[in-house]
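2 protein chains.
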Amino acid sequence: MGNKVISEAVIKRLPRYYRYLEHLEQEGVTKVSSGTLAGMLGVTASQVRQDFCNFGGFGQHGYGYDVAYLKRKLAEILGLDRPYDMIIIGAGNIGRALAGYKNFAAEGFRVKALFDVEVKDPLVGDVPVYGMDKLADYVKQNGCDIAVIATQKNVASDVAGRLVALGVKSLWNFAPIDLEVPSDVAVENIAMSESLYVLSYRMKNK
Amino acid sequence: MGNKVISEAVIKRLPRYYRYLEHLEQEGVTKVSSGTLAGMLGVTASQVRQDFCNFGGFGQHGYGYDVAYLKRKLAEILGLDRPYDMIIIGAGNIGRALAGYKNFAAEGFRVKALFDVEVKDPLVGDVPVYGMDKLADYVKQNGCDIAVIATQKNVASDVAGRLVALGVKSLWNFAPIDLEVPSDVAVENIAMSESLYVLSYRMKNK
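Top to bottom, those sequences are chains H and Z. Under the numbering used here, the very last position in the first sequence is 215; numbers go up by exactly one each time. Under the numbering used here, the very last position in the second sequence is 215; numbers go up by exactly one each time.
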């Protein structure tokens, strides 16, 4: 596929396809048409086929897709075919909630440690909590695939800078602020307030 | 503006404009150009002006926008100019984290109660926790503007159905499942796993 740039719209649909295929697999469904997937996503069957063409296409014309095969290919494309060590910066409500979120571990995203400026509990469930002063040594000794930023807004930027300086290449950001990172660092933002404001917009316009 | 349909892309940019204007206001900046806003959002200045034209346009050509005025107009458009009573269904990690999230209260989104099948603590901070058997009476007596669904995936649909039947018109859904609701009910989904899978995709493709 060379250096083809996949659009953001397609990228954002990929996890949704994956989720629907998980559901179909759990229901014991072995084959699915582009039309059915299209209905689940709210796009056209043609869009579904175009999306998969970006990655070589996975079905046989007129036959549809093998659910297990398509799910496996999507897992590869999404990078879900390997485990990831995650650390969470910020042991407040959000950080602790994420540390306990069972769905992540099921897909290979293992929360290994929480860090905070103040260590109130040494453990959240099975996950150890360390002071921020231990962060550098921890990352140097153990590595870190993904760092979750679950701090207050006002320190998120500095924390991101520290993580990047320690060689962390992937940030999942829950703080309501845009992070400036080098181009080789991947960032995803969960903008909770923005989602809530879209909801209040929709309420006003129903 | 009549019945003009505003695109999803525009709707999703509105809270980001609002956040940037809050930031500018905090920094003491009183005027901003479409070019500056464009840079903050990663779109063109022309897109910014087009976005605001959907709502009547707010600036003077060549002059830019008054920050306080634009923020106020966006607050109106987003429905942030009134308080909302929120209840949270699910007093697990996510529900408790949301109950304690201070940013919401600052914008008028007041968490009034948590509900769960099992009440382990009668209070989370200042927020009372009630059994699900109390939900119907609570909503009938107090009303509810927004219900947050922070339950396990397998009960989210039923919970949504109960809330809709009780007259709740707005659902903020944290469960990884699509909710089927009548057309007069607003829904926003926070799909955490999907965001994480987009991150693993980006890591793989850097």
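No wet-lab data here; the hints were simulated from the structure. Any given hint might turn out to be false.
Identical copies look the same in the list; a pair holds intra-copy or inter-copy alike.
Subject to a maximum C-alpha distance of 25 Å in a straight line, what follows is the list of computed DMTMM-like cross-link-like pairs (lysine to aspartate or glutamate) [said to hold, decoys possible]:
hint, residue 1, residue 2
1, K162, E116
2, K149, D94
3, K129, E203
4, K129, E85
5, K40, D187
6, K213, D125
7, K80, D187
8, K21, D146
9, K111, D75
10, K13, E127
11, K111, D146
12, K21, E127
13, K213, E85
14, K21, E189
15, K111, D125
16, K82, E189
17, K111, D130
These numbers were taken from a predicted model, which means no experiment stands behind them.
Broken hints, numbered, in rising order? 3, 4, 6, 8, 9, 10, 11, 12 and 16
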